[in-house]
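The whole structure should be built from the sequences, with the hints applied where relevant.
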Amino acid sequence: MSTMPPALEAITKELGSADRQERIELLIDFAKSLPPLPEELAAFKDAAHRVEECQSPVYLFVRVSPDQIVEFHADAPIEAPTVRGFVAILVEGLTGATAQQVLAVGDDLVERIGLPEILGMLRVRGLHGILRRIKAEVARAMIANDLAPPTAAAEHSSRTQ
Amino acid sequence: MAESYVHPEVLVSAEWVQAHLNDPKVRIVESDEDVLLYDMGHVPGSVKIDWQGDLQDQLTRDYITAEKFAQICSRAGISADTTVVFYGDKSNWWACYALWAFKLFGHKDCRILNGGRKFWYDHKLPISTEVPSYAPTDYKVAGSDESEIRVFRDAVLAHSKAGLPLLDVRSPKEFTGEKLHMEEYPQEGSLRGGHIPGAKNVPWGRSVNDDGTFKSIEELKALYQDEIGLKPNDTVVAYCRIGERSSLTWFVLKYLMGFTNVKNYDGSWCEWGNLVRVPIAKGA
Chain X
16 MSTMPPALEA ITKELGSADR QERIELLIDF AKSLPPLPEE LAAFKDAAHR VEECQSPVYL
76 FVRVSPDQIV EFHADAPIEA PTVRGFVAIL VEGLTGATAQ QVLAVGDDLV ERIGLPEILG
136 MLRVRGLHGI LRRIKAEVAR AMIANDLAPP TAAAEHSSRT Q
Chain S
56 MAESYVHPEV LVSAEWVQAH LNDPKVRIVE SDEDVLLYDM GHVPGSVKID WQGDLQDQLT
116 RDYITAEKFA QICSRAGISA DTTVVFYGDK SNWWACYALW AFKLFGHKDC RILNGGRKFW
176 YDHKLPISTE VPSYAPTDYK VAGSDESEIR VFRDAVLAHS KAGLPLLDVR SPKEFTGEKL
236 HMEEYPQEGS LRGGHIPGAK NVPWGRSVND DGTFKSIEEL KALYQDEIGL KPNDTVVAYC
296 RIGERSSLTW FVLKYLMGFT NVKNYDGSWC EWGNLVRVPI AKGA
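Listed in order, the protein sequences are those of chains X and S.
When you number the first sequence by my numbering, it's gap-free, plus one each residue, and the end is 176.
When you number the second sequence by my numbering, it's gap-free, plus one each residue, and the end is 339.
It is worth saying that the hints were derived from the structure and are not from the lab.
Hints are not guaranteed to be accurate.
[Unchecked claim] One side of the interface only, derived from the structure: several residues of chain X facing chain S at Cβ under 7 Å:
| id | residue |
| --- | --- |
| 1 | I43 |
| 2 | A95 |
| 3 | T97 |
| 4 | G135 |
[Said to hold, decoys possible] Restricting the straight-line Cα-Cα distance to at most 20 Å, the calculated cross-link-like pairs of lysine to any residue (SDA-like) are:
| id | chain 1 | residue 1 | chain 2 | residue 2 |
| --- | --- | --- | --- | --- |
| 5 | S | K234 | X | P72 |
| 6 | S | K123 | X | G135 |
| 7 | S | K173 | X | R38 |
| 8 | S | K103 | X | R38 |
| 9 | S | K103 | X | E40 |
| 10 | S | K103 | X | I43 |
| 11 | X | K47 | S | E185 |
| 12 | S | K234 | X | L137 |
| 13 | S | K337 | S | P287 |
| 14 | S | K103 | X | L137 |
| 15 | S | K103 | X | G135 |
| 16 | S | K179 | X | I93 |
| 17 | S | K173 | X | G135 |
| 18 | S | K80 | S | P99 |
| 19 | S | K103 | X | P131 |
| 20 | S | K173 | X | S71 |
| 21 | S | K103 | X | R138 |
| 22 | X | K47 | S | K173 |
| 23 | S | K103 | X | I93 |
| 24 | X | K47 | S | K179 |
Values in this document were obtained by computation on a predicted structure and should not be read as measured data.
Heads up, the beta-carbon is just placed ideally off N, CA and C, and yes, glycines get one too.
If you want it as structure tokens, here you go:
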């Protein structure tokens, strides 16, 4: 429990203690407040960054610095506020966390923030895929970092973005 | 002079809806894939009815009871004689699905807002985040002969064996069996890929324009009658993955084109692709 990144922990508490309508509104607020992709990433919204498991076009960009801090950007259409809201929660909750912390985030995050209750069981499955994808990207970047000297690793991970 | 749909009254324009926003005989209903959309803004005075949370039974894979349906209508201020206009995201998939479900219970006057949510937003028509409340009604469920619009697996098997028209409205890759689900929609699993033997593949999207409105009657006839060879008095069964996309095709055939005997197989591929020992065809 305590390994959860503090920002994500705070969001989980807020959403977890909200009632149904508050939770809907919070999720919409998150969806509306997702920061735009940095310009240098926006050009790379291609299949390689698209989450296959998700029904709406979701793009993820994960970078891990040589000191294992996760940098994370994402984009999803406002017409799919559920997915966009969840992605925004992850961006806010995971940015600045360590790679280890991200990998330790429980697979039950979607349940812990109370999304099945407002979305229904069928709709939350795609969201699990987003978290899975982020963890896989972080793990891949960590391996890349360990195998190469810090500067080369940083360059490698930015080239593969 | 353009030809009109066979039952043009079931399709209303955004202009019509705007003129009836305060009409007590009309209730606008939003039904979406993404449940948050309504709360972000909706047609003023409209109510949300969710295909999953409201219309489907949460235990059995079926629709709610007549009693529950009456409660939902009452809560939404809908009476048996209310004109209910459905609209939603994804070119009205879920709006058509909700309309089909309303027809299972025999609600008389159901219509679709042509273009759905996308058209309304793209034309910057008025939206509201206020959730209206209406005086509860004493809704009396008319009931219907559901076999007129709904079909179950045994009947579909007989239909397939008899070589009668079957429409598979999924994407081509789902039809051939290359994919078990629509691109990006892995949620509903099937153990086998392919289609019901004899089915022809007409993806649902071929019935709608890019702006979300339905294609003209000439275009629809060219597609379903000339290209596929269906006749308006054929008994046609449409299916997809869970019955939502095929509700749109059902709506097009039944109301826009006037087919007299078209049914939706809501068990669809999620049932067929998991059934033991039913025949499956693969490839195009």
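Evaluation of the provided hints:
1. I43: Holds, because the Cβ-Cβ distance from I43(X) to chain S comes to roughly 6 Å (cut-off 7 Å).
2. A95: 5 Å, holds
3. T97: 5 Å, holds
4. G135: 5 Å, holds
5. K234(S) <-> P72(X): Holds: K234(S) and P72(X) sit about 18 Å apart, inside 20 Å.
6. K123(S) <-> G135(X): 18 Å, holds
7. K173(S) <-> R38(X): Violated, at about 25 Å.
8. K103(S) <-> R38(X): This hinted pair holds, its Cα atoms lying about 17 Å apart.
9. K103(S) <-> E40(X): Given pair K103(S), E40(X) holds - Cα atoms ~15 Å apart, limit 20 Å.
10. K103(S) <-> I43(X): Holds, because 16 Å separates the two Cα atoms, which is no more than 20 Å.
11. K47(X) <-> E185(S): 18 Å, holds
12. K234(S) <-> L137(X): Holds. K234(S) to L137(X) sits at ~19 Å (cutoff 20 Å).
13. K337(S) <-> P287(S): Violated, at about 28 Å.
14. K103(S) <-> L137(X): 18 Å, holds
15. K103(S) <-> G135(X): This hinted pair holds, its Cα atoms lying about 15 Å apart.
16. K179(S) <-> I93(X): Satisfied, since the Cα-Cα distance of roughly 16 Å is no more than 20 Å.
17. K173(S) <-> G135(X): Given pair K173(S), G135(X) is violated - Cα atoms ~24 Å apart, limit 20 Å.
18. K80(S) <-> P99(S): 15 Å, holds
19. K103(S) <-> P131(X): Given that 20 Å is the threshold and the Cα spacing comes to 18 Å, the pair holds.
20. K173(S) <-> S71(X): Status holds; Cα separation ~15 Å.
21. K103(S) <-> R138(X): This hinted pair holds, its Cα atoms lying about 17 Å apart.
22. K47(X) <-> K173(S): 18 Å, holds
23. K103(S) <-> I93(X): 19 Å, holds
24. K47(X) <-> K179(S): 18 Å, holds
Hints 7, 13, 17 from the list above are not met by this structure, while the remaining hints are.
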